[in-house]
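Place chain B on chain A using the hints.
Protein chains: 2
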Amino acid sequence: MRVPLTAALLLSPVLSVAAQFGPPRIPDTLKSPVIAADSRVTFQLFAPKAGSVVLRTEGPAPFANLPLTKGAEGVWSITTNPLPSDLYIYWYDVDSVAVSDPSNAKPRVNLRTVRSLLDVPGAAAEFFAERAVPHGALADVWYQSKSLGLPRRMHVYTPPGYDRGGSTRYPVLYLLHGAGDDDQSWTMVGRANFIIDNLIASGKAKPMIVVMPAGHTPKPGGLFSPNPEVDPFIDDFLGDVMPFVERNYRIIPDRANRAIAGLSMGGWHTLRIGLPNLDKFSQMGVFSSGLFGPAGTIEKFETANAATLDDPKINDRIKVFWIATGKEDFVMPTTKATLAMLDRHKVKYAYKDTEGGHTWPNWRAYLNEFVPLLFRADVH
Amino acid sequence: MRVPLTAALLLSPVLSVAAQFGPPRIPDTLKSPVIAADSRVTFQLFAPKAGSVVLRTEGPAPFANLPLTKGAEGVWSITTNPLPSDLYIYWYDVDSVAVSDPSNAKPRVNLRTVRSLLDVPGAAAEFFAERAVPHGALADVWYQSKSLGLPRRMHVYTPPGYDRGGSTRYPVLYLLHGAGDDDQSWTMVGRANFIIDNLIASGKAKPMIVVMPAGHTPKPGGLFSPNPEVDPFIDDFLGDVMPFVERNYRIIPDRANRAIAGLSMGGWHTLRIGLPNLDKFSQMGVFSSGLFGPAGTIEKFETANAATLDDPKINDRIKVFWIATGKEDFVMPTTKATLAMLDRHKVKYAYKDTEGGHTWPNWRAYLNEFVPLLFRADVH
Chain A
306 MRVPLTAALL
316 LSPVLSVAAQ
326 FGPPRIPDTL
336 KSPVIAADSR
346 VTFQLFAPKA
356 GSVVLRTEGP
366 APFANLPLTK
376 GAEGVWSITT
386 NPLPSDLYIY
396 WYDVDSVAVS
406 DPSNAKPRVN
416 LRTVRSLLDV
426 PGAAAEFFAE
436 RAVPHGALAD
446 VWYQSKSLGL
456 PRRMHVYTPP
466 GYDRGGSTRY
476 PVLYLLHGAG
486 DDDQSWTMVG
496 RANFIIDNLI
506 ASGKAKPMIV
516 VMPAGHTPKP
526 GGLFSPNPEV
536 DPFIDDFLGD
546 VMPFVERNYR
556 IIPDRANRAI
566 AGLSMGGWHT
576 LRIGLPNLDK
586 FSQMGVFSSG
596 LFGPAGTIEK
606 FETANAATLD
616 DPKINDRIKV
626 FWIATGKEDF
636 VMPTTKATLA
646 MLDRHKVKYA
656 YKDTEGGHTW
666 PNWRAYLNEF
676 VPLLFRADVH
Chain B
306 MRVPLTAALL
316 LSPVLSVAAQ
326 FGPPRIPDTL
336 KSPVIAADSR
346 VTFQLFAPKA
356 GSVVLRTEGP
366 APFANLPLTK
376 GAEGVWSITT
386 NPLPSDLYIY
396 WYDVDSVAVS
406 DPSNAKPRVN
416 LRTVRSLLDV
426 PGAAAEFFAE
436 RAVPHGALAD
446 VWYQSKSLGL
456 PRRMHVYTPP
466 GYDRGGSTRY
476 PVLYLLHGAG
486 DDDQSWTMVG
496 RANFIIDNLI
506 ASGKAKPMIV
516 VMPAGHTPKP
526 GGLFSPNPEV
536 DPFIDDFLGD
546 VMPFVERNYR
556 IIPDRANRAI
566 AGLSMGGWHT
576 LRIGLPNLDK
586 FSQMGVFSSG
596 LFGPAGTIEK
606 FETANAATLD
616 DPKINDRIKV
626 FWIATGKEDF
636 VMPTTKATLA
646 MLDRHKVKYA
656 YKDTEGGHTW
666 PNWRAYLNEF
676 VPLLFRADVH
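Chains as they are written, first to last, in the working numbering: chain A, 306 to 685; chain B, 306 to 685.
Chain A extracted, bound-state conformation (with noise of 0.2 Å):
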């Protein structure tokens, strides 16, 4: 701890945990972000040299690069108006240097950086919201990967009630993270155990385990290399993360049981591992994404995987793909460049456009929408 506890101090009977570690100071009782009953929330930093502060947001958020006002002993602060019900990610550009919220614990942390999210409940949230249902386990899963030849961390959700043991097996959903992400993205922001947690309690989707591993390795290639049809993820994904999910969990071990789906990079990945993989997916997920690439990327995959997407059965075999991408995505071209190949194929699928851009509110409407098709008797 920063400033050592004094026993006179710990033995102090009113002292708020704020203040156990030393005297108070300003930061160390400030409170950021407090949000009103009107949805108002205020924002506050203590920065006395600073000569400015402003709001940064990822994705879009009502208050982005809102500037901060200098009170009293060096408190800078803004309320804003009320806010939409929404998962926020916002930090403050202090003099240039980006600075997350020394006052708010919870971080969203990605490759790069530490964020602060900030968590507007209301009805638009309820579907990723952390309810009073019975929730599934989150569970950080670490692996010796061969192919990479490193040790790797993957996320595992698995269903409530899977920890009691037993021998009932489950689905499994393998879910993919984006270019920006890691393997605890999808639920650290994307929310996803509890969008699981709550379509599983209204019966709206099956039990099942969901997978996320890490997509990104140190080894050359994959998306934004000169080959992106070499990855060494891939080789990890089908040679260490499939065979150790497996023998060490209680899924069901066939196609109709296993669903693919990710988000950016991670749908690249869906599209590389669940089109050339058919005899191990049957269901995909497509969100924000296509096959990237440089000129000739995708009919450098149509040439390679010709006998896959000519196959007269391909539309029995492949029971769920299920692609979709906002009206104001930069990816958008891809995605129909992509569309356009399975359709030279026709190979089926269900697309939508939906409002919006490469945001995380989109990411989690997807997989709230995706998620109850899966695993469906009446459909397989």
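Just to be clear, a hint being listed does not mean it is correct.
Remember, identical chains collapse to one label, so a pair may be satisfied in a single copy or spanning two.
BS3-like mimics (lysine-lysine), calculated; alpha carbons at most 27 Å apart, straight line [unchecked claim]:
#1 K632 / K651
#2 K653 / K509
#3 K375 / K336
#4 K411 / K451
#5 K605 / K657
#6 K375 / K641
#7 K511 / K653
#8 K336 / K354
#9 K336 / K524
#10 K411 / K524
#11 K511 / K632
#12 K585 / K632
Calculated from the structure, these hints are not laboratory results. Since the structure is predicted, the reported quantities are computational estimates derived from the model, not experimental observations.
Quick look at chain B alone, frame taken from chain A:
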């Protein structure tokens, strides 16, 4: 994401992940911390308008309070001497604003704020390192606390192989956090999961389930309240946490297979829960703690628990009672007063003074020494 990813950028084949989301800016490409082969560490922060940038640390660290030097283009930096292997907690003080390192996505989250973690590998850090051994799963687990009327979260470690199911049952250790922390601290900073993985892999500990509940509640009472005897967490623990664990996990539900331990406030909880409930617990660990409270607290505890403390069989009932505090720890007077109370009743315990103070390096080491004592057929 912050700056919309353009299709052109996405398709560029040579972009680094760090630069995906817009033209690369200095803060996007800066690497910090960088550990050199000789264990010198370079910290860097882009803060063009700052007047001073200083390293701050939680717990002991050879780089505490070192000032960074401003270089070209607003980048502040410092390179330390070679650092002993350890897991350090640090942040920057930028003109009096506490800033987690924006280039380091390993956070240390506590109740108030976000710090950064620096993991310097080496011999002294081996016992808590993520090694190539079978790993247990570490789950976030949500439950509804009837006693608090609130949804709550705990962390649960299950040993390697647990998720395969079956009917094998395991002993359980309840592991409680300190006042500045929450249910994720024992693993995020304490590395309890890796410590226990390593102990199990080397045969020094039995496979066990470890339950790490959240020790703070929003209700009045507890360590820092005027009436520390009243603690809503204890009701939650006995009335909700333990029954939830017994219903949902394959534990062995008897006192020989139940241990409880904690650090600081968690050690205080251990004493307040363990001693009055020896029908449930046979093994206890008290790290950097004691019966904290206003004058008269220990005497009140002694009176309330006289029948237990003076039970002639108490030393048969308690199989492990392991207590440790650092010589420089400010809680030492409370520890000594608590040991004196146990001595008055001839309650046996193992006690050790260690080097150091009220710090995570001590708590990791204590856990590593305590866990091998548990659930041993030869002593029970």
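Now for the hints, and whether the structure bears them out:
Within a single copy, K632 and K651 get their C-alpha atoms as close as 24 Å, which meets the 27 Å cut-off; across copies the closest is 75 Å, which misses it. Within a single copy, K653 and K509 get their C-alpha atoms as close as 24 Å, which meets the 27 Å cut-off; across copies the closest is 56 Å, which misses it. For the homomeric pair K375 and K336, the shortest alpha-carbon distance inside one copy (16 Å) is at most 27 Å, but the shortest distance between copies (32 Å) is not. In this assembly of identical chains, the alpha carbons of K411 and K451 lie at most 27 Å apart only when taken from different copies (25 Å versus 34 Å within one copy).
Proximity of K605 and K657 under a CA criterion of 27 Å is satisfied intra-copy only: 26 Å inside one chain copy versus 67 Å between copies. For the identical chains of this complex, K375 and K641 are neighbours neither inside a copy (48 Å) nor across copies (48 Å), given an alpha-carbon limit of 27 Å. Taking the closest pair of Cα atoms, K511 and K653 come within 27 Å of each other only inside a single copy of the chain (24 Å); across copies the shortest separation is 53 Å, beyond that limit. In this homomeric assembly, K336 and K354 come within 27 Å of each other (Cα to Cα) both inside a single copy, at 20 Å, and across copies, at 26 Å.
In this assembly of identical chains, K336 and K524 lie within 27 Å of each other by CA distance solely across copies; the values are 18 Å between and 43 Å within a copy. In this assembly of identical chains, the alpha carbons of K411 and K524 lie at most 27 Å apart only when taken from different copies (21 Å versus 31 Å within one copy). When the C-alpha separation of K511 and K632 is checked against a cutoff of 27 Å, the pair qualifies neither within a copy, at 30 Å, nor between copies, at 55 Å. In this assembly of identical chains, K585 and K632 lie within 27 Å of each other by CA distance neither inside one copy nor across copies; the values are 32 Å within and 59 Å between.
Hint compliance for this structure: hints 6, 11, 12 are not met, and every other hint is.
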